[in-house]
Amino acid sequence: MHRVLIVELRKLNRSLAAALAIAAPGLIAVFTFFNMLRGKTAQPWDMWMVGATGIWAFFMLPMSVTALTALVAHMEHGPRTWDHLRALPLPRWTIYAAKAISVFLVLALMSIGVFVLTGAAVKLAVALKPELAPTGVFDATVYLDMLGRMYLAATLVVVIQLWISLRWASFVPGLVVGIGGTFFAVVATAAKVGVFLPWQMPVNMLSTEGWRLHTALSLGLGGGLLLLALMLWRLSRREVL
Amino acid sequence: MLAIETRDLRRRFGPTVAVDGVSLSVPRGCVYGFMGRNGAGKTTTLKMLLGLVRPDSGTIRIAGRDALADRLGAARCMGALLEAHGFYAHLSGRENLDLTRSLLGLRPTELDRVLEIVGLTPDAGRRVGGYSLGMRQRLGIARALLGSPEVLILDEPTNGLDPDGIADMRDFLRTLPDRANATVLLSSHLLGEVEQVADRVGIIHQGQLVLQDDLATLRAGQAPQLRLGCDDPDRARSVILGLGLGLTRGPDSDRITLAPGADVRETARALNRALVEAGIDVHELSPQARSLEAIYRDITALTPPHKEAA
Numbered sequence: 000m001h002r003v004l005i006v007e008l009r010k011l012n013r014s015l016a017a018a019l020a021i022a023a024p025g026l027i028a029v030f031t032f033f034n035m036l037r038g039k040t041a042q043p044w045d046m047w048m049v050g051a052t053g054i055w056a057f058f059m060l061p062m063s064v065t066a067l068t069a070l071v072a073h074m075e076h077g078p079r080t081w082d083h084l085r086a087l088p089l090p091r092w093t094i095y096a097a098k099a100i101s102v103f104l105v106l107a108l109m110s111i112g113v114f115v116l117t118g119a120a121v122k123l124a125v126a127l128k129p130e131l132a133p134t135g136v137f138d139a140t141v142y143l144d145m146l147g148r149m150y151l152a153a154t155l156v157v158v159i160q161l162w163i164s165l166r167w168a169s170f171v172p173g174l175v176v177g178i179g180g181t182f183f184a185v186v187a188t189a190a191k192v193g194v195f196l197p198w199q200m201p202v203n204m205l206s207t208e209g210w211r212l213h214t215a216l217s218l219g220l221g222g223g224l225l226l227l228a229l230m231l232w233r234l235s236r237r238e239v240l
Numbered sequence: 000m001l002a003i004e005t006r007d008l009r010r011r012f013g014p015t016v017a018v019d020g021v022s023l024s025v026p027r028g029c030v031y032g033f034m035g036r037n038g039a040g041k042t043t044t045l046k047m048l049l050g051l052v053r054p055d056s057g058t059i060r061i062a063g064r065d066a067l068a069d070r071l072g073a074a075r076c077m078g079a080l081l082e083a084h085g086f087y088a089h090l091s092g093r094e095n096l097d098l099t100r101s102l103l104g105l106r107p108t109e110l111d112r113v114l115e116i117v118g119l120t121p122d123a124g125r126r127v128g129g130y131s132l133g134m135r136q137r138l139g140i141a142r143a144l145l146g147s148p149e150v151l152i153l154d155e156p157t158n159g160l161d162p163d164g165i166a167d168m169r170d171f172l173r174t175l176p177d178r179a180n181a182t183v184l185l186s187s188h189l190l191g192e193v194e195q196v197a198d199r200v201g202i203i204h205q206g207q208l209v210l211q212d213d214l215a216t217l218r219a220g221q222a223p224q225l226r227l228g229c230d231d232p233d234r235a236r237s238v239i240l241g242l243g244l245g246l247t248r249g250p251d252s253d254r255i256t257l258a259p260g261a262d263v264r265e266t267a268r269a270l271n272r273a274l275v276e277a278g279i280d281v282h283e284l285s286p287q288a289r290s291l292e293a294i295y296r297d298i299t300a301l302t303p304p305h306k307e308a309a
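Protein sequence lines correspond, in order, to chains H and R.
Counting along the first sequence from 1, when you hit position 36 you're at 35 in numbering that gives the first Met the number 0, and nothing is skipped either side.
Counting along the second sequence from 1, when you hit position 124 you're at 123 in numbering that gives the first Met the number 0, and nothing is skipped either side.
Only chain H is shown next, with the shape it has when bound in the complex (with noise of 0.2 Å):
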């Protein structure tokens, strides 16, 4: 399993995985700089912190889960590589393990870079308009906190845009479920049923309503890893034909 992971992350580094890992939480980070230079007073910390953490979650986030996924699969779709790797001698779990880690990891990476270019974005606001410096605390425990919920809630989402990459060798299902999944996590915000949509699981984490938090974290953790274990248990058993 070492072997495979570390050869994953070999073929993601010549990728443009890096590029994706940057560009989204650095969207988010530009949004912000230039949203608080619109500003004429000071605001506080969590206004701009916790509304980063909520555009990743509302919206960047199911977003880069479709496309990190559809470039990690399409890494052995376009070249046709599947008949090659599923021929070696090792268990076929565990190329497929390989390609959940890493998505799970380039995840990883980029709450944090959420929360460290959200900071850095603000930090600079205020260099140019000193008068816009935020006013509370900066609990950076509650934010990783949050950032960290986030991203165990999205496990269940990870899963589903993964196992539909690799099924079909066509990037196209997976665009269409991730971005239908984003658009009705977007346009049904509010709706009670929405915390057992899974592309709405990670923004639950911001609810008020601890059973709506906790729902939607179960779900999105347990049903998570329950969905990973069927789909390397059903991918290792599929022909590719």
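To be clear, the hints were calculated from the coordinates, so they are not data collected in a lab.
Among the clues, some could well be false.
[As the list claims (entries may be wrong)] Restraint ranges, calculated between C-beta atoms of paired labels, are given here:
1. R/Arg-126 <-> H/Leu-225: 36 to 46 Å
2. R/Arg-125 <-> H/Gly-38: 53 to 63 Å
3. H/Ile-111 <-> R/Arg-125: 35 to 45 Å
4. H/Lys-122 <-> R/Asn-158: 30 to 40 Å
5. H/Lys-122 <-> R/Arg-125: 24 to 34 Å
6. H/Glu-238 <-> R/His-282: 50 to 60 Å
7. H/Arg-2 <-> R/Gly-128: 19 to 29 Å
[As the list claims (entries may be wrong)] So, partial list: chain H residues that the calculated Cβ filter (under 8 Å) puts toward chain R:
8. Arg-9
9. Arg-13
10. His-76
11. Pro-78
12. His-83
13. Leu-87
All C-beta atoms in this analysis are idealised placements derived from N, C-alpha and C, irrespective of residue type, glycine included.
Mind docking chain R on chain H? Use the hints.
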């Protein structure tokens, strides 16, 4: 011991029987030519050997290992060049090989060894996207050679190559068992190419293995032929039939089939004498070795139409 042995392999896809009772026997150290038309069942059979497709029934032994019960053990004994090469075009040849080397847990020096065997060392640093088809085929064979497997499975290794590339690949394949100390099973629909490199052949037709033998035995058992060119083929035919010889009409000359074991030179002399005495001018009378293609045509013509599942 056989390098590859299958017994009664069967596989159907829906109503279509793709492979129907194929029993291969590939001795160690030989080049085995696995031939058949496109769609005859070659690739499905090879995929079953590699564990990519499960047979509905039958057994597979690779270097003595039961490939269905122990896929990983059998896979350790095999290297494969598949029709879809599966290279990362943005990486160099060496980097592509290194990914597989890492997956197999081999030492880095293994790369130099396999690149040397296929003659790609000078180009190993170039991106695969810039490789010719022949270079990609060689790189695929280099990848198959990683870890010195006992069995090499090469699916259509001459596919898409130009005439020079085919000639190079033919020379390369001929020496591969000695260079790599391996048994080579290669599939192809180019019978003339297989004939020049294989020691043993198997012909698959409509999913069934209709012939399997050593090439030398096969040729020895086939009736030799004489090619005849003359000014009056119609009269010549009656002379030939009068001598009790078989006859096949060709587009510009008549082929004469002799009984197996007959003395070709003696028959040619007798035929020439009879034709001249009959007043027929002969401008060509030459012995012809039966090509694999002719053998293939004869055998597949005798095979009944494909049985489809209900």
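Do the hints match the structure? See the list:
Between R/Arg-126 and H/Leu-225 the beta carbons are some 42 Å apart, a value that agrees with the proposed interval 36 to 46 Å. In this structure, R/Arg-125 and H/Gly-38 meet the distance hint of 53 to 63 Å, their C-beta atoms being roughly 54 Å apart. Taken as a hint, the range 35 to 45 Å holds for the pair H/Ile-111 and R/Arg-125, whose Cβ atoms sit roughly 37 Å apart. Look at H/Lys-122 against R/Asn-158: about 59 Å separates their beta carbons, and that is not inside 30 to 40 Å.
Restraint check, H/Lys-122 to R/Arg-125: a C-beta distance of roughly 45 Å breaks the suggested window 24 to 34 Å. As the Cβ distance of H/Glu-238 to R/His-282 is approximately 58 Å, the hint placing it in 50 to 60 Å holds. The hinted range of 19 to 29 Å is satisfied by H/Arg-2 and R/Gly-128, whose Cβ atoms lie roughly 26 Å apart. The closest approach between the C-beta of H/Arg-9 and any C-beta of chain R is roughly 7 Å, which is under the 8 Å cut-off, so the hint is satisfied.
Proximity of H/Arg-13 to chain R holds as hinted, the smallest CB-CB distance being about 6 Å (cut-off 8 Å). With a least beta-carbon distance of about 11 Å to chain R, the hint placing H/His-76 at the interface is violated under the 8 Å criterion. Evaluation of the H/Pro-78 hint against chain R yields a held restraint, the C-beta minimum of about 6 Å falling below 8 Å. The restraint placing H/His-83 at the interface with chain R holds, with a minimum CB-CB distance near 4 Å, inside the 8 Å limit.
Among the interface hints, the one on H/Leu-87 holds; its C-beta lies about 6 Å from the nearest C-beta in chain R, closer than the 8 Å criterion.
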